[in-house]
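Mapping of the sequence shown onto this note's numbering: position 115 corresponds to residue 101, and the numbering continues sequentially without gaps.
What the hints contain is simulated information worked out from the structure, not anything from laboratory work.
Backbone N, C-alpha and C fix where the C-beta goes; we use that ideal spot for every residue, glycine too.
Misleading hints may appear alongside valid ones.
As the list claims (entries may be wrong) - Okay, the calculated beta carbon distance ranges per label pair:
1) Arg92 / His138: 15 to 21 Å
2) Ser42 / Leu228: 48 to 54 Å
3) Tyr742 / Arg641: 22 to 28 Å
4) Thr701 / Leu77: 18 to 24 Å
5) Arg92 / Gly617: 38 to 44 Å
6) Arg9 / Pro122: 46 to 52 Å
7) Glu454 / Thr577: 43 to 49 Å
8) Asp615 / Ser451: 32 to 38 Å
Unchecked claim - Think about it this way: if two alpha-carbon atoms lie no more than 27 Å apart in a straight line, the pair counts; the simulated DSS-like pairs of lysine-lysine are:
9) Lys252 / Lys394
10) Lys111 / Lys256
11) Lys717 / Lys681
12) Lys681 / Lys659
13) Lys397 / Lys195
14) Lys754 / Lys723
15) Lys139 / Lys416
16) Lys38 / Lys111
17) Lys416 / Lys394
18) Lys322 / Lys285
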Amino acid sequence: MNQLSSSLGGLSLQSSVQPESLRPVNLTQERNILPTTPVLAPVPNLNLDLKKLNCSPDSFRCTLTNIPQTQVLLNKAKLPLGLLLHPFRDLTQLPVITSNTIVRCRSCRTYINPFVSFIDQRRWKCNLCYRVNDVPEEFMYNPLTRSYGEPHKRPEVQNSTVEFIASSDYMLRPPQPAVYLFVLDVSHNAVEAGYLTILCQSLLENLDKLPGDSRTRIGFVTFDSTIHFYNLQEGLSQPQMLIVSDIDDVFLPTPDSLLVNLHESKELIKDLLNALPNMFTNTRETHSALGPALQAAFKLMSPTGGRVSVFQTQLPSLGAGLLQSREDPNQRSSTKVVQHLGPATDFYKKLALDCSGQQTAVDLFLLSSQYSDLSSLACVSKYSAGCIYYYPSFHYTHNPSQAEKLQKELKRYLTRKIGFEAVMRIRCTKGLSMHTFHGNFFVRSTDLLTLANINPDAGFAVQLSIEESLTDTSLVCFQTALLYTSSKGERRIRVHTLCLPVVSSLADVYAGVDVQAAICLLANMAVDRSISSSLSDARDALVNAVVDSLSAYGSTVSNSQHSALIAPSSLKLFPLYVLALLKQKAFRTGTSTRLDDRVYAMCQIKCQPLVLLMKMIHPNLYRIDRLIDEGAIHVNDRVVPQPPLQKLSAEKLTREGAFLMDCGSVFYIWVGKNCDNNFIEDVLGYPDFASIPQKMTHLPELDTLSSERARSFITWLRDSRPLSPVLHVVKDESPAKTEFFQHLIEDRTEAAFSYYEFLLHIQQQICK
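The task is simple: from the sequences and hints, build the whole structure.
Following this line, the structure appears as structure tokens:
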């Protein structure tokens, strides 16, 4: 065992060979900076045994894979230090441990993990606080090998991601059932938009797939200027509607029969879902009492906790939480001050905190055709650990692609895994501390996040600082533990542990930068800065992040050419990604941006996992009119071509080609006007360029090799994410192309630098 702890020593990077990540890159000269294959997370520089055991970067990654020994060294590097987490993501394999004893450090409560050291068979040393603990008798037996006396071979010590089935010590009350409440806007506006048909149809199709067990409960509330409850008590011949018109003092008309057992009342629930879309067709009600409806939902859910799904189509206009329009459309392209990024009232935040206290999360679906003050409404989800879906200009017939998006996203939403009454705690090696968390949750104590619900699509970020120098250790570890109730009523703990080396030289800190993690952390910090200070402050801070880090790096490189802008290879994409952020809807200025669109982009940044966030920031562009099988990968009997990535510039678009742009939640296919007719016919199904319609949102299933390749590639991209992207086929020179061209971030616009101009701007700032 002692050999193990000595071989755990961090590996110094100061070998004679300079790592590729430190190769100096002259940014102003190297025009093709973007690699042709996707950028992967850097692998921490650990010995082979530790590398094999480390946590997957998809669940847990750090902005620096080499941790600086001191805060002074971190300050010198001018780089952000923090973690990005995707703790509840869908996993294909997960070791589940059902042992009576969950082994934890007696001092700091860290869960035993692959990075602890065994002093002998009977004692282990915690990797976070260094306390020596006893190995419990039960832990001496290994259920997998059925052998005794090898605690270091137990699954908890062989896997950095595990899930424990927890005992009653981990419960404050018996595990709650799955409870789902749907709160639906049925004002004239809502009926006109037509979302009820899609929602009710989706619920009917997925009713049996809702996560839960024999105790699952469900309920419905609809509202306009009054609130309507539905008695679905088993034994009734049809659902009974109960109207409460006193919205200033909301009460529950029959507290016991509004949330019913899904299995016992299934027929009544189906009757209601079949009737709802037509119940309000002739309504003249234009008002929306969202606040009172949410107060009713809170009362209804408080005894158990669970999930509230709210569908809203306009500004709330009556009762508590009513809002006024704050958007001035003339200011949408302003380069100066962008106002109203924060909430107009604390009603929604207070309500969210009340819900969170009763283990209830509120998910918001905003389907609006005009300004709805998302910055105020979003608080109801932000602080209750809910999620936010936004469908601008939603209309089931006039905007079929949005309708289809809602339908596909509802299917995922209704059937994905869910954890109830959850808490998450992140622990780190002595000397490190956490100071700011990003995501949708409520921080209950310094390091405990309350998550009334947890879903597999939620991402989190946390900023770190180095409080005491790490001189006595060559490794640091981070551990996140998520305690939740599964939809089957089991209390479970999912634990991820990440191990990273400690370094003492500035060069090593630069060698280990994870540029994508750094940009995602900076994006989160910039959202906070926009709301607490101003958008222009946030933009300046992003530019300064590049100036400061490249300037600090420049001072470490001897004989640096002063006229050139030099970055280490690990940071070569940093200026490009920051420019992309500055042109992203959340932070851009000078380009017409609706306030709700901007706020939604900010909400996304705060709660998307890294992989999805990167596509929002820097979309992927591929040429798809010449897809070949060379280099293709095989997925479930499908051949998936792997075309090279192109840089986001119009100079890459040739009129003879067709290009696919993947922006995360939307795909564009741009077709050049001299594109080969064979491609147009074989993939798009039209004889020539002129006959392609202006609004095309689907690729037909054609029996041609090129159609099969293109669809296989797009399906493969689509399958990797929870949100269902809309596809837009954009013809060269059609009016729709401005949306597509806005994403070509390396090019100049009236309001923003080209990539090359941005580099010159950075260089000027450094030389000041």
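Practice problem: Enumerate the violated hints, using their earlier numbering and listing them in ascending order. | Solution: Result: hints 5, 8, 10, 14, 17, 18 break, sorted rising.
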